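Could you put together the complete structure from these sequences and hints?
As given, the protein sequences belong to chains A and B, one line each in that order.
Just so we're aligned, residue 1 is where the first sequence starts under this note's numbering, counting upward by one.
Just so we're aligned, residue 335 is where the second sequence starts under this note's numbering, counting upward by one.
No lab work stands behind these hints, which were simulated from the structure alone.
Just so you know, not all the hints are guaranteed correct.
[To be verified] Each computed DSS-like pair below joins lysine-lysine, with the alpha-carbon atoms no more than 30 Å apart: (1) A/303 with B/442; (2) B/442 with B/522; (3) A/303 with A/190; (4) A/317 with B/442; (5) A/303 with A/317; (6) A/317 with A/190; (7) A/190 with B/442.
[Unchecked claim] Partial selection, computed: residues in chain B whose CB lies under 7 Å from chain A: (8) 438; (9) 440; (10) 449; (11) 453; (12) 464; (13) 572; (14) 576; (15) 583; (16) 613; (17) 620; (18) 622; (19) 623; (20) 626.
[Said to hold, decoys possible] The following label-pair restraints were derived from C-beta to C-beta distances: (21) B/393 with A/179: 55 to 63 Å; (22) B/573 with A/104: 21 to 29 Å; (23) A/144 with B/611: 23 to 31 Å; (24) A/135 with B/621: 16 to 24 Å; (25) A/286 with B/530: 44 to 52 Å; (26) A/279 with B/502: 49 to 57 Å; (27) A/179 with B/499: 56 to 64 Å; (28) B/517 with A/9: 52 to 60 Å; (29) B/509 with A/33: 55 to 63 Å; (30) A/301 with B/611: 38 to 46 Å; (31) B/517 with A/316: 44 to 52 Å.
Here the structure is a predicted model, which means the values were calculated and not measured.
For every residue, glycine included, the Cβ atom is placed at its ideal position computed from N, Cα and C.
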Amino acid sequence: MHGARLVTPSMLVAFAIFGTLPFWITEIGLYRYLGVEILIWCIYALGFNLLMGYAGLPSFGHGAYFGIGAYACGLAQFELWANLWFCLAAGVVAAAVFGAVVAAFISHRRGIYFALMTIAFGQMFFFIASKWTSVTNGEDGLLNIARLPVELGFWNYPIRGNADFYWFVFACFVVCVVALWRLVNSPFGKVVQAIKQNEARMAFLGYRVALYKAVAFILSCAVAGFAGALFAMAQGGAFVQVMNLQWSGVIVLMVLIGGGFVSFWGPVLGTVLYFVARDLLGAYTEAWLLWFGLMFMAVVMFKPEGLAGIGQDALRKWRGLPRAPAAGWAWLRR
Amino acid sequence: MDLVGYLLPHLLNGIALGLLFALIALGFMLIIGVMEVINLAHGSLFALGAYAALALLAGEGGPRPELLGWFLQLPNVLRYALALVLAPLAVAVVGMGLEICLRRTYGKDPLYGLLLTFGAALVIEELIRLAWGPSERFLPVPAAITGGVAIGELIYSKYRFFASGFSILMIGLLWLFLEKTRYGALIKAGAHDSEMVRALGVNLPRLRTLVFGFGTALAAIAGIVMAPIWGIRPHVGVDAVVPAFVVIVLGGVGSFWGAVLAGLMVGMVVGLTGAFATDWSLISMYILLILVVTFRGRGLFGKKSILEA
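This is how it looks when you write it as structure tokens:
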């Protein structure tokens, strides 16, 4: 187990790839802003996988917390204090608070009942955001959210341009990856994973299962809110679309296609695949989501462990080890 | 105008809406019962039903509109009646295809079925966009069921009466089918314990395929009936599938009359809030759901089921 390590080899590989990305992304025909989008959605996806992959609790309304983070960031900037750290914190706190309220209602639910309730809450937040025009500006979105300068007291760094903003988002990504890696390997992370394996047994062992599930949900919401706040600054606005059912499903899709069930890095692979597919397929056909949807269906049918699962199988074969058993989802089987 | 006179049309709208929600939810619940799958593509199949009817009634869009030439010569009423049969059949075929894809997820976590149907929803919606374009369409209906009808002082849309009556008829027929026929008994037995049904020599894969087709056909029928009220857009399915979840969870998984009652409750709550604050009417059903489920974890008439493991 590399559980206790602060930095792992795969982390270094990921940081090396994303850290050098601005130097070669234009060479392969893509553009810098895509890198910003990918990193922000990677943060979102990694936080989501804490819930789906590690805690085994699928949320189909997670876009709501991403959107709440984005709106909170914008509103904090306009109404309270235009400071980068304050606005990001506002996004995190707002998403966590709303997440906590929802968790109070759903943390004792399991399986598909849990999924259905997350849909109901997600839709409710989506409708509120799209109708409460005096606060969210409705369908038009909250516009002109600025990319505030990084203030470190002794040194201020403006991040207006995409290149500078990329470095800031990259720093956030590094912090989130290390923090989430520590979290899933902490005693808390182990308990959450054990609850996924067998909830009843953990309850008999005396763990307060609903509390652990609630905390996992709230943390995941907080990360989504953080990503949402970054996204609001990246886009220069907060829009309601990310909160709808389809976008909430897209994050599930990214995490699953990448292999969030079997690997910490699954969400990152899935996010990269999604955005690259969007740009490459999108250049050829208007209906790229059709092909992406078909690919997703094929993954669920034939390789639910996703890209990371394929990679792990290949690695095992190369090392001459037997194939891994199919991802265990026994905790929901009777 | 007095309050009752003001609220009555909203209440009637709500009942019409609620009956249609119940119809969608019942198809959805048949699939949950026998397959233990939450069919997220239900809404897309609802939309596909409306679009298939659009192709049959207006000859608009669709892959090969010219093939429908002879059909478009038929009288309006006959065409509408035929569309109510043919479009759901076409959608049922798509649904059965989806069920065959779903077979690989049986015996695994129910979440995989949910994810697969989510992908299918995406695919169907994109296919609709390709075939019919992204813009809003309207389904023509025969003149006999358009216009208004006067009840005392109130003038109310004839079509909504038709929609309510038709939904009541369908719900009644479905109940008779489930309670009074051999196939209905098999479906209920399959929902109770599908392995035992298989052990008794029933062709379970075929039963599952047929039930899935049947459930999606109900969604398509609801889609056709709803189309003149809501209009048709490629993403109209979300507006149908989410209330269906709410109805199922509210009424309790596996309860026929629970779904009907919950459908009516949701419809009336949406209708009545619509009377006071149109913009907020769709939120009221979530508040209703949260209130009920907080006090009754399995909904109004729910029993313990696979869905909570």
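Against the structure, the hints come out as follows:
no. : hint                         : verdict
1   : A/303 with B/442             : holds, 13 Å
2   : B/442 with B/522             : holds, 22 Å
3   : A/303 with A/190             : holds, 26 Å
4   : A/317 with B/442             : holds, 25 Å
5   : A/303 with A/317             : holds, 16 Å
6   : A/317 with A/190             : holds, 28 Å
7   : A/190 with B/442             : holds, 23 Å
8   : 438                          : holds, 5 Å
9   : 440                          : violated, 11 Å
10  : 449                          : holds, 5 Å
11  : 453                          : holds, 4 Å
12  : 464                          : holds, 5 Å
13  : 572                          : holds, 5 Å
14  : 576                          : holds, 5 Å
15  : 583                          : holds, 5 Å
16  : 613                          : holds, 5 Å
17  : 620                          : holds, 4 Å
18  : 622                          : violated, 10 Å
19  : 623                          : holds, 6 Å
20  : 626                          : violated, 11 Å
21  : B/393 with A/179: 55 to 63 Å : holds, 59 Å
22  : B/573 with A/104: 21 to 29 Å : holds, 28 Å
23  : A/144 with B/611: 23 to 31 Å : holds, 29 Å
24  : A/135 with B/621: 16 to 24 Å : holds, 19 Å
25  : A/286 with B/530: 44 to 52 Å : holds, 49 Å
26  : A/279 with B/502: 49 to 57 Å : holds, 50 Å
27  : A/179 with B/499: 56 to 64 Å : holds, 59 Å
28  : B/517 with A/9: 52 to 60 Å   : holds, 59 Å
29  : B/509 with A/33: 55 to 63 Å  : holds, 56 Å
30  : A/301 with B/611: 38 to 46 Å : holds, 44 Å
31  : B/517 with A/316: 44 to 52 Å : holds, 47 Å
The structure fails hints 9, 18, 20 (numbered hints given earlier, in ascending order).
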